[in-house]
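Number of protein chains: 2
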Amino acid sequence: MSYTVLKKHKSFGGETIFCEHHSESTKTKMNFSAFLPKNIEEVESAVIWLSGLTCNEENFITKAGVQAHLAGTNTMVICPDTSPRGQNIPGEDDSYDFGSGASFYLNARTENYESSYQMYDYVVKDIVKLLREDFGIKKISIFGHSMGGHGALVCGIRDSDKFESVSAFSPIVNPVNCPWGQKAFKGYLGDDETKWKEYDAIELTKSGKKAKSKILIDQGTADEFLEKELLTQKFEEVCGEGVADINYREGYDHSYYFISTFLKGHIEFHLSHLE
Amino acid sequence: MSYTVLKKHKSFGGETIFCEHHSESTKTKMNFSAFLPKNIEEVESAVIWLSGLTCNEENFITKAGVQAHLAGTNTMVICPDTSPRGQNIPGEDDSYDFGSGASFYLNARTENYESSYQMYDYVVKDIVKLLREDFGIKKISIFGHSMGGHGALVCGIRDSDKFESVSAFSPIVNPVNCPWGQKAFKGYLGDDETKWKEYDAIELTKSGKKAKSKILIDQGTADEFLEKELLTQKFEEVCGEGVADINYREGYDHSYYFISTFLKGHIEFHLSHLE
Chain A
0 MSYTVLKKHK SFGGETIFCE HHSESTKTKM NFSAFLPKNI EEVESAVIWL SGLTCNEENF
60 ITKAGVQAHL AGTNTMVICP DTSPRGQNIP GEDDSYDFGS GASFYLNART ENYESSYQMY
120 DYVVKDIVKL LREDFGIKKI SIFGHSMGGH GALVCGIRDS DKFESVSAFS PIVNPVNCPW
180 GQKAFKGYLG DDETKWKEYD AIELTKSGKK AKSKILIDQG TADEFLEKEL LTQKFEEVCG
240 EGVADINYRE GYDHSYYFIS TFLKGHIEFH LSHLE
Chain B
0 MSYTVLKKHK SFGGETIFCE HHSESTKTKM NFSAFLPKNI EEVESAVIWL SGLTCNEENF
60 ITKAGVQAHL AGTNTMVICP DTSPRGQNIP GEDDSYDFGS GASFYLNART ENYESSYQMY
120 DYVVKDIVKL LREDFGIKKI SIFGHSMGGH GALVCGIRDS DKFESVSAFS PIVNPVNCPW
180 GQKAFKGYLG DDETKWKEYD AIELTKSGKK AKSKILIDQG TADEFLEKEL LTQKFEEVCG
240 EGVADINYRE GYDHSYYFIS TFLKGHIEFH LSHLE
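Residue numbers (numbering that gives the first Met the number 0), protein chains in the order written: chain A, 0 to 274; chain B, 0 to 274.
Keep in mind that the hints were calculated from the coordinates and are not lab data.
Careful, some of the hints might be misleading.
Since the list gives no way to pick one copy over another, a pair counts as held whenever it fits inside one copy or between any two copies.
Taking lysine-lysine pairs in the PhoX-like style, the calculated list, with each CA pair at most 20 angstroms apart, reads [claimed, not checked]:
id	residue 1	residue 2
1	K209	K233
2	K161	K182
3	K7	K62
4	K138	K128
5	K161	K28
6	K137	K6
7	K9	K62
8	K62	K6
9	K185	K227
10	K213	K161
11	K263	K62
12	K182	K194
13	K196	K233
14	K263	K205
15	K161	K138
Owing to the predicted nature of the structure, the values given are computational and were not obtained by experimental measurement.
Modelling step: build the complete structure from the supplied sequences, incorporating the hints.
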């Protein structure tokens with residue numbers, strides 16, 4: 000077993016676990032949480048959840064109510080932390096939208112970050128390998144929120160052979176064109192903006208890449224970040240109806256209260272592709 | 000309106016709100032959270048949730064998944080903070096099981112605490128009044144966890160005319176006989192142990208008092224506090240089967256993962272008494 004269970008709690012007939020393991024990509028210790036609805040031998044498929052800015056491996060598993068929706072199924076959820084931690088990089092902990100808790104799920108190329116912030120590979124290689132080899136998982140889907148919604152879209156579009164289905168809540172769909180994304184991409188990838196397009200869901204779609212199946216997106220209309228950072232409507236405009244089903248939810252904001260309200264639909268969506 | 004809404008989030012077709020108000024009993028500002036499944040004019044009944052040690056008004060409303068179970072009903076939930084805050088009482092913030100976050104829902108009599116730690120009255124008078132006058136609530140039930148389970152049992156047994164039904168997760172059923180309770184009761188009520196019995200669910204039951212309807216209790220068998228602090232089996236032994244239905248849940252611990260797993264049953268129990 001390549002991971003260590005730090006805490007476990009019986010939940011909904013299964014187990015919620017908090018773990019650490021060594022990542023070959025980041026070359027650091029990484030934390031993750033997971034919910035296994037049944038014994039590990041009975042679990043057959045998995046959904047990877049990628050969290051947003053400021054989150055860690057705990058937010059989704061404690062606040063979204065996901066256990067209720069996976070109870071009794073053969074599908075687990077795994078929630079990696081949002082970045083390496085404690086790398087002693089200058090400024091690593093100074094802002095909520097860069098460094099710790101803000102990896103943007105890409106492989107960094109800039110001097111300070113390239114040795115550990117290899118979070119794209121961490122997700123599509125290390126987490127996928129962990130699921131296959133240690134949990135015996137055959138099929139995998141991916142979803143996330145905000146920065147993690149961006150991560151899920153990019154992983155699902157770039158590595159479409161690895162993920163049966165992709166969904167997102169309030170994703171940053173066009174990071175090359177919003178302040179959060181521009182700050183992160185400049186800091187992690189450097190000044191050459193052509194490299195930025197490799198981690199932008201809209202640019203990837205425009206280049207002809209697509210996820211294995213039609214993407215599901217939920218977006219609150221009262222989301223305080225919609226207009227400036229998320230730009231969800233651009234995904235619809237640029238990609239057309241065939242790429243994604245986007246549900247705009249009247250009056251809902253950017254919070255976990257929004258996620259928990261519509262989570263059941265996302266779990267059912269992924270189960271339909273995993274079972 | 001006697002309360003101020005600090006934050007609100009649309010959730011499950013209704014609203015999760017975080018509020019503050021002035022308490023006549025504690026003579027302090029107090030915080031509470033609530034979930035209203037419909038517009039305030041349509042909400043008819045309420046369940047009061049009392050949280051455990053170290054919690055505040057946020058834990059239950061963010062972690063238990065209660066909104067999913069109340070969605071579409073006419074019943075709201077209200078979650079008061081677990082004590083007054085910032086009273087500048089010597090030692091108030093020094094330990095997790097006394098002072099801030101640890102009121103034990105009683106009316107304190109000792110010198111430092113009697114002026115503000117009037118939490119029994121805060122629940123049975125101020126919160127009840129708030130629900131009736133500001134939310135138009137007719138029927139009220141009460142439940143809680145651990146120290147809050149103790150609080151719910153004591154409120155429901157002592158003020159049985161006010162609460163239609165009472166339930167608890169992992170309650171401290173016999174505080175006069177466990178370390179948590181003895182520390183708190185000595186500190187808040189003083190050395191006269193006869194006064195302690197007024198806030199002990201087993202002692203109240205032995206004195207002939209009972210809740211309006213049969214109590215529901217859920218208790219995890221792997222709860223790390225069961226043997227020394229909670230003493231749930233004593234409630235069964237002393238009170239007999241007529242007083243409470245106690246479900247022992249194999250392998251479940253003291254956490255919110257346990258609460259969220261069995262919350263649906265408690266909500267259905269209260270709805271059956273409120274509708």
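For each hint, the structure was consulted:
In this assembly of identical chains, K209 and K233 lie within 20 angstroms of each other by CA distance solely inside one copy; the values are 16 angstroms within and 61 angstroms between copies. Taking CA atoms no more than 20 angstroms apart as the test, K161 paired with K182 passes in neither setting, with 29 angstroms inside one copy and 56 angstroms between copies. Proximity of K7 to K62 under the C-alpha cut-off of 20 angstroms is found in both arrangements, the shortest distances being 16 angstroms within a copy and 16 angstroms between copies. For the identical chains of this complex, K138 and K128 are intra-copy neighbours only, at 12 angstroms inside a copy versus 54 angstroms across copies, given an alpha-carbon limit of 20 angstroms.
For the identical chains of this complex, K161 and K28 are neighbours neither inside a copy (24 angstroms) nor across copies (53 angstroms), given an alpha-carbon limit of 20 angstroms. Proximity of K137 to K6 under the C-alpha cut-off of 20 angstroms is found in neither arrangement, the shortest distances being 25 angstroms within a copy and 43 angstroms between copies. With identical chains, the CA atoms of K9 and K62 are at most 20 angstroms apart both within one copy (16 angstroms) and between copies (15 angstroms). Taking CA atoms no more than 20 angstroms apart as the test, K62 paired with K6 passes in both settings, with 17 angstroms inside one copy and 17 angstroms between copies.
For the homomeric pair K185 and K227, the shortest alpha-carbon distance inside one copy (18 angstroms) is at most 20 angstroms, but the shortest distance between copies (56 angstroms) is not. Taking identical chains as interchangeable, the C-alpha atoms of K213 and K161 lie at most 20 angstroms apart only when both belong to the same chain, with a minimum of 15 angstroms there against 53 angstroms between chains. With identical chains, the CA atoms of K263 and K62 are at most 20 angstroms apart both within one copy (14 angstroms) and between copies (16 angstroms). In this homomeric assembly, K182 and K194 come within 20 angstroms of each other (Cα to Cα) only inside a single copy, at 14 angstroms, whereas the closest approach across copies is 62 angstroms.
For the homomeric pair K196 and K233, the shortest alpha-carbon distance inside one copy (15 angstroms) is at most 20 angstroms, but the shortest distance between copies (65 angstroms) is not. When the C-alpha separation of K263 and K205 is checked against a cutoff of 20 angstroms, the pair qualifies neither within a copy, at 30 angstroms, nor between copies, at 46 angstroms. In this assembly of identical chains, K161 and K138 lie within 20 angstroms of each other by CA distance solely inside one copy; the values are 8 angstroms within and 53 angstroms between copies.
Hints 2, 5, 6, 14, counting from the list given before, are not met by this structure.
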